[in-house]
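Using the sequences provided together with the hints, build the complete structure.
Heads up: the sequence lines are chains A and B, in that order. Each residue of the first sequence is one higher than the one before, counting from 1 in full-length UniProt numbering. Each residue of the second sequence is one higher than the one before, counting from 1 in full-length UniProt numbering.
It is worth saying that the hints were derived from the structure and are not from the lab. Check each hint, because a few of them may be wrong.
Said to hold, decoys possible - DSSO-like mimics (lysine-lysine), calculated; alpha carbons at most 27 angstroms apart, straight line:
(1) Lys86(B) / Lys151(A)
(2) Lys152(A) / Lys47(B)
(3) Lys152(A) / Lys86(B)
(4) Lys137(B) / Lys41(A)
(5) Lys30(B) / Lys151(A)
(6) Lys86(B) / Lys41(A)
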Amino acid sequence: MTIDSTDRAIIAATQAGLPLIAQPYAQVAQELGLDEPEVLKRMNAMQDRGIIRRVAVAPNHYALGLTSNGMSVWDVEDDCIGELGAQVGALSFVSHCYERPRALPDWPYNLFAMIHGTSRDEVEEKRGQIAALLGGACRGSEILYSTRILKKTGLRLRLREN
Amino acid sequence: MTIDDIDRAILNRLQEGFPITTAPFAQVAKELGLSEADLIERLDRMKTERIITRFGPFYDAAEMGGAFCLCAMEVPEDEFEAVLTKVNSFPEVAHNYERSHRLNMWFVLATETEESIEEVAASLERETGQRVLRFPKLREFFIGFRVAA
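Written as structure tokens, this is what we have:
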């Protein structure tokens, strides 16, 4: 999948956010010396191709009361992880759900699911729901709570000049 | 920092996606029964008050050729701060969290190419003297949490 230099310029101009004005894409176009229809066409195309997941707000979870967050990890049998991972990912309280490689012998877990709630009790209750869903296909699990944010920079792509 | 029912409706609606059209706020405002100016003003206030952390396109960096890898280290308590300083000094280290586990430091490496992940992880091991466990994404089942505001 390739993007050209104009797409890159649009990404660079918008990855920190859109201006809160009536015609935000027109302003982006003006900054880049492009026409607004060109920007709309390219951004819609990038959305169709999955380069833009969506244009949306990211609410501050803490401000909305979701102060408890745990990374739950599960050792799921390899031949059912596809089906079960999709079911865990579909749960409303799971924000990210990935299959990742085990690192034996230190780390037997291959399914990672971030759980969010208003308290640790709530997160534990939700973890129980995942355990019930996985049933006998799961050989073990843990939950890792974050105790401190050590660094948090937005994931900014440094755009190559080409 | 308080939000009312209208703010909640805005947050719920705008997590689902914002139009890429010439007057997108007018379109969403109409759906919500608000004026365009009111919608923009409320978003502006919620951004200032940090109820919204970001508003705009979410790019899938992997689709653009970037590479990411979740990594973990078991850092001895008495070396934690020294190791942290070294790890955080790498610009490729994006998020970094202390977690309640034997593997107590978890961070995400973000680089432009797949090969750079290995290079950066290897230099982190050299500089800190600690092993870096790599957990690249094999399959993504879901990303894109919607909070009921």
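So, going through the hints one by one against the coordinates:
1. In summary, the hint linking Lys86(B) to Lys151(A) is supported, as the alpha carbons are separated by about 12 angstroms, within the 27 angstroms threshold.
2. For the suggested pair Lys152(A) and Lys47(B), the alpha carbons sit about 18 angstroms apart, so the restraint of at most 27 angstroms is met.
3. Restraint check: the Cα-Cα separation between Lys152(A) and Lys86(B) comes to about 15 angstroms, which is no more than 27 angstroms; the hinted pair holds.
4. For the hint pairing Lys137(B) with Lys41(A), the CA-to-CA distance comes to about 31 angstroms; that exceeds 27 angstroms, so the pair is violated.
5. Annotation: proposed proximity of Lys30(B) to Lys151(A) is violated, straight-line Cα distance about 40 angstroms (limit 27 angstroms).
6. This hinted pair does not check out: Lys86(B) and Lys41(A) have alpha carbons roughly 44 angstroms apart, beyond 27 angstroms.
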